[in-house]
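K.L.:
Can you build the whole structure from these sequences, using the hints too?
There are 2 protein chains.
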Amino acid sequence: MKCVFYISDRTGITTESIGNALLTQFPNIEFKKFFIPFIDSESRADNVLVKIYGKYLQYNDRPIIFTSIMNPDIRNKFQLDYAFHIDFFEAFIPMLESELKQSASKAVGMSHGMTDENKYYKRIDAIDFSLYNDDGATVKNYEQADVILVGVSRVGKTPTCLYLAVNYGIKAANFPFAELDLVNDKLPKFLVPYHHKLFGLTIEVDRLHHIRTNRLPNSKYADINTCKIEIKAAEHIMTINNIPFVNVSKKSIEEISVAIMQQIKLK
Amino acid sequence: MKCVFYISDRTGITTESIGNALLTQFPNIEFKKFFIPFIDSESRADNVLVKIYGKYLQYNDRPIIFTSIMNPDIRNKFQLDYAFHIDFFEAFIPMLESELKQSASKAVGMSHGMTDENKYYKRIDAIDFSLYNDDGATVKNYEQADVILVGVSRVGKTPTCLYLAVNYGIKAANFPFAELDLVNDKLPKFLVPYHHKLFGLTIEVDRLHHIRTNRLPNSKYADINTCKIEIKAAEHIMTINNIPFVNVSKKSIEEISVAIMQQIKLK
Numbered sequence: 011m012k013c014v015f016y017i018s019d020r021t022g023i024t025t026e027s028i029g030n031a032l033l034t035q036f037p038n039i040e041f042k043k044f045f046i047p048f049i050d051s052e053s054r055a056d057n058v059l060v061k062i063y064g065k066y067l068q069y070n071d072r073p074i075i076f077t078s079i080m081n082p083d084i085r086n087k088f089q090l091d092y093a094f095h096i097d098f099f100e101a102f103i104p105m106l107e108s109e110l111k112q113s114a115s116k117a118v119g120m121s122h123g124m125t126d127e128n129k130y131y132k133r134i135d136a137i138d139f140s141l142y143n144d145d146g147a148t149v150k151n152y153e154q155a156d157v158i159l160v161g162v163s164r165v166g167k168t169p170t171c172l173y174l175a176v177n178y179g180i181k182a183a184n185f186p187f188a189e190l191d192l193v194n195d196k197l198p199k200f201l202v203p204y205h206h207k208l209f210g211l212t213i214e215v216d217r218l219h220h221i222r223t224n225r226l227p228n229s230k231y232a233d234i235n236t237c238k239i240e241i242k243a244a245e246h247i248m249t250i251n252n253i254p255f256v257n258v259s260k261k262s263i264e265e266i267s268v269a270i271m272q273q274i275k276l277k
Numbered sequence: 011m012k013c014v015f016y017i018s019d020r021t022g023i024t025t026e027s028i029g030n031a032l033l034t035q036f037p038n039i040e041f042k043k044f045f046i047p048f049i050d051s052e053s054r055a056d057n058v059l060v061k062i063y064g065k066y067l068q069y070n071d072r073p074i075i076f077t078s079i080m081n082p083d084i085r086n087k088f089q090l091d092y093a094f095h096i097d098f099f100e101a102f103i104p105m106l107e108s109e110l111k112q113s114a115s116k117a118v119g120m121s122h123g124m125t126d127e128n129k130y131y132k133r134i135d136a137i138d139f140s141l142y143n144d145d146g147a148t149v150k151n152y153e154q155a156d157v158i159l160v161g162v163s164r165v166g167k168t169p170t171c172l173y174l175a176v177n178y179g180i181k182a183a184n185f186p187f188a189e190l191d192l193v194n195d196k197l198p199k200f201l202v203p204y205h206h207k208l209f210g211l212t213i214e215v216d217r218l219h220h221i222r223t224n225r226l227p228n229s230k231y232a233d234i235n236t237c238k239i240e241i242k243a244a245e246h247i248m249t250i251n252n253i254p255f256v257n258v259s260k261k262s263i264e265e266i267s268v269a270i271m272q273q274i275k276l277k
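In order, the protein sequences belong to chains A and B.
Just so we're aligned: the first sequence equals residues 11 to 277 in my numbering.
Just so we're aligned: the second sequence equals residues 11 to 277 in my numbering.
In case anyone wonders, no lab produced these hints; they're calculated from the structure.
Check the hints yourself; a few may be wrong.
Any copy, or any two copies together, can satisfy a pair, since identical chains are not distinguished.
As the list claims (entries may be wrong) - Simulated crosslink set (DSS-like; lysine-lysine; CA at most 30 angstroms straight-line):
1) 129 with 42
2) 261 with 242
3) 111 with 87
4) 42 with 275
P.N.:
This is the structure:
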């Protein structure tokens, strides 16, 4: 059992994210993680030090401390004999200063703060848009959409749209292929003008069956044959209409979202 | 104009996030950013090298390259005379290996991959939950909620709930204080049993007025006096009922979300 502290003067989202990425490289070690945001004063840092020292005594083992703290007086408090400390700013800022021939501003990290009001409104608008244009609820606003996801029910369209809206301010609508579209083997008429915005999701039959069974056990909807027929028909519609699509079976929401952004060059 | 490349063998979300955090420390430099995920083969890396060299020639200036690539053969391709290269794995993995007295697994980064199926389902369930329990649509499922956000209309409850669900798998419901609650100066009855799950959002009058005007210009809803009265009443209800709350006026969705998680110790 190894204690790990993520400490930041702001949200700590980035700190935790890179720390976790590094620790997944040591799958045999069990880590006990503590996430401590908003440490922007020496007194707050002192409180955290008490906790770190407590864990050191409790487990008789050096904790790992990942920090991203701009103020060196606060940051240096975590240089301890009884812990291993990595600070992400300290590690890279001097190198970047030398490469860019400029001093860092030393302002507290704002990468997850509200830096740009317009960007903030854009994001709120995108969230509203994705909510109102979820699951084919309406098809009138596709002119404003950045992307329209298509695919069978429960393939993962809604989570992906919300991820794109919430994290990137992308206006993502989604439309489910319903039985009629699938039987007729045709792209719904009102999607045709927005062909360039369409992106498809598909999935392995077993996995869709599993997901739908979770939702409606023993239904026709969840039946493995229904899943098979729907997926085959949906893939056929996407193929003949030249709609790019990805198989999401082994992909996380993040991976699907990045693949979509890459494909339609939204970024 | 400085070109910056974010290159990763996986989604690159973390790479971009820490790179952006570092670059915000140099606000006087204009960066042109290129985001290049899924570089998991030498041939893909070679294609990227062509692009980097092109930008170097075009601007006659050394690009900055941030990578997180586990495979050293691919990673080392970005050690170039004409660019400044930081690799996040290379920078820290050797230190961690020595501290942990273990070799890194060298598996491709999975921090944004689908590592744990249960966690994935939990997240999908949380997204469904937050959608179905948005804006007081129903009050029957609060037993299952991890948190219930309260506050006046347009204070930011929905974006925060979706952020918590999409990124952390937290079941976040939200209930808007309506005119009647505010006039009666009382916490709605059905919220009382879930008092321990309640968390309030509040906002400055001018900012709410601005946000509501954006939505419904010249309405009673957006009127500055309406905003003032509603905020005052909402804050009063939260105060007398001992509901923790934050003022979101200068906070991003990330900052609000982290503050909520910290408060209710969801993590």
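K.L.:
Next, verify each hint and record whether it holds.
P.N.:
So, going through the hints one by one against the coordinates:
Proximity of residue 129 to residue 42 under the C-alpha cut-off of 30 angstroms is restricted to the inter-copy arrangement: shortest distance 17 angstroms between copies versus 36 angstroms within a copy. Proximity of residue 261 and residue 242 under a CA criterion of 30 angstroms is satisfied intra-copy only: 20 angstroms inside one chain copy versus 46 angstroms between copies. Taking identical chains as interchangeable, the C-alpha atoms of residue 111 and residue 87 lie at most 30 angstroms apart whether they share a chain (28 angstroms) or sit on different chains (25 angstroms). Proximity of residue 42 and residue 275 under a CA criterion of 30 angstroms is satisfied inter-copy only: 15 angstroms between copies versus 39 angstroms inside one chain copy.
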